[in-house]
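Required output: the full structure, derived from the provided sequences and hints.
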Amino acid sequence: MSTASEEYITDTEWFKYTCGVYEEEFRKEKSLHIQENGNSAFNTPMYSIINTETTSVISSGSFELISISNLKFQTSKKTLSITPCVFEILIREDLASRSQVDVCYLQADPQYNNAVFQVASNFNAVEAVNEASPPDLKNFTTEYIYDHTQGPSASLGAPASAIFRVHFPFYDPTTNDRTWGQTKEKQLEMLGDLDHLFHVENGYPHLSLPLDITTFDDGKIKVGVQTDAEVAFVWEVRKMRVVPKNKRNLIDQVFCAGINVRQGGGALNWPVIEQYPILMCSILKADYEGTYLTAIRNQRKTIVLTLIGNGVFGNPIQQVCDAIVQTHLKYGVKNNGKVQRVVLPVFKVGGDDVVKCLVPMLEAHGIKYVIKRFRGNTLVTE
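Just so we're aligned, residue 27 is where the sequence shown starts under our numbering, counting upward by one.
What the hints contain is simulated information worked out from the structure, not anything from laboratory work.
A hint or two may mislead.
[To be verified] The calculated DSS-like cross-link candidates involving lysine-lysine, where the alpha carbons are at most 25 Å apart (straight line), are:
1) 398 / 374
2) 104 / 394
3) 265 / 374
No experiment lies behind these values; they were computed from the predicted model shown.
Here's what the structure looks like:
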């Protein structure tokens, strides 16, 4: 619950609060805003974003684009466990309980410090609202505030990490700073090793017939892993609550995406998916396996999931729930490493479609679960 002493900024100012300048100016001087902080436990470089006006820094942590096959290799000796995870479903029964299921609030909640958050993103790990929006638009990152879905909400909570994925994913201090960020021509590619099947435009895949899927290898699908991202904001209505520096969580974020089969040009993908449903199912499976495997590799205790592809992208809830359950059977029951808790917040009020689909699947496989329902921002049943 907020108090009068808390610091707020308008949400349009979040980029300037983080960096000291607006994004358009930032693009001209980005070399002044990056600080190296040594390497992570996985030998990946750690960074912070510098506010040149105040000299304050916010950690972006480290970022990797990593394949499912590679994650399985890295966790091959870390998965054994004899204690199954607790699977929790969080439901809000009214609008007043948004903070109980909104990822931006959860990321800042002390109980989720060092948790792994799955983020519904695009296949370039940034939050373009459509395939016509390249990451080098002058205010690309700033304008995340105009997309009120859970992917941008998660990204905005960890602002330095959001800025890093747009402006610094190819950072090399020996090269010109104009080569460090994502552009229309050069982007992060989660499906880059499968480009014979997927033509990806600004993070949105386009499928066309005929397709030869005989060489399709779902182990080549990648996820974006941001380790030790600093949670600095909670995005409320038209404003950001600034989390005090000494109370900020460090979290891991796993950036995943589903195939768009509904929004905009994504509807053209549906006839292909109808003929080759394995493509949608395999990507969803990789999204959830990548999230669980990241938590196991990073030796985290808590995973917070999301319903990948089930919103505006139109992935059927049955397929999303099946991917969750099959992944949990693999990595949440016996081979879960140090993971003790898996949480699925359902953003839609009531969450009836999710409960009706997911709960019978969990029960059919003997997976223990608990449903927590909130009304008036208070837990009313468990």
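Straight-line Cα separation of residue 265 and residue 374 no greater than 25 Å? holds (21 Å)
Does residue 398 pair with residue 374 here, judged by a C-alpha cut-off of 25 Å? Holds: residue 398 and residue 374 sit about 14 Å apart, inside 25 Å.
When you check the alpha-carbon spacing of residue 104 and residue 394, does it fall within 25 Å? holds (23 Å)
Figure legend: structure checked against the earlier numbered hints; every hint is met.
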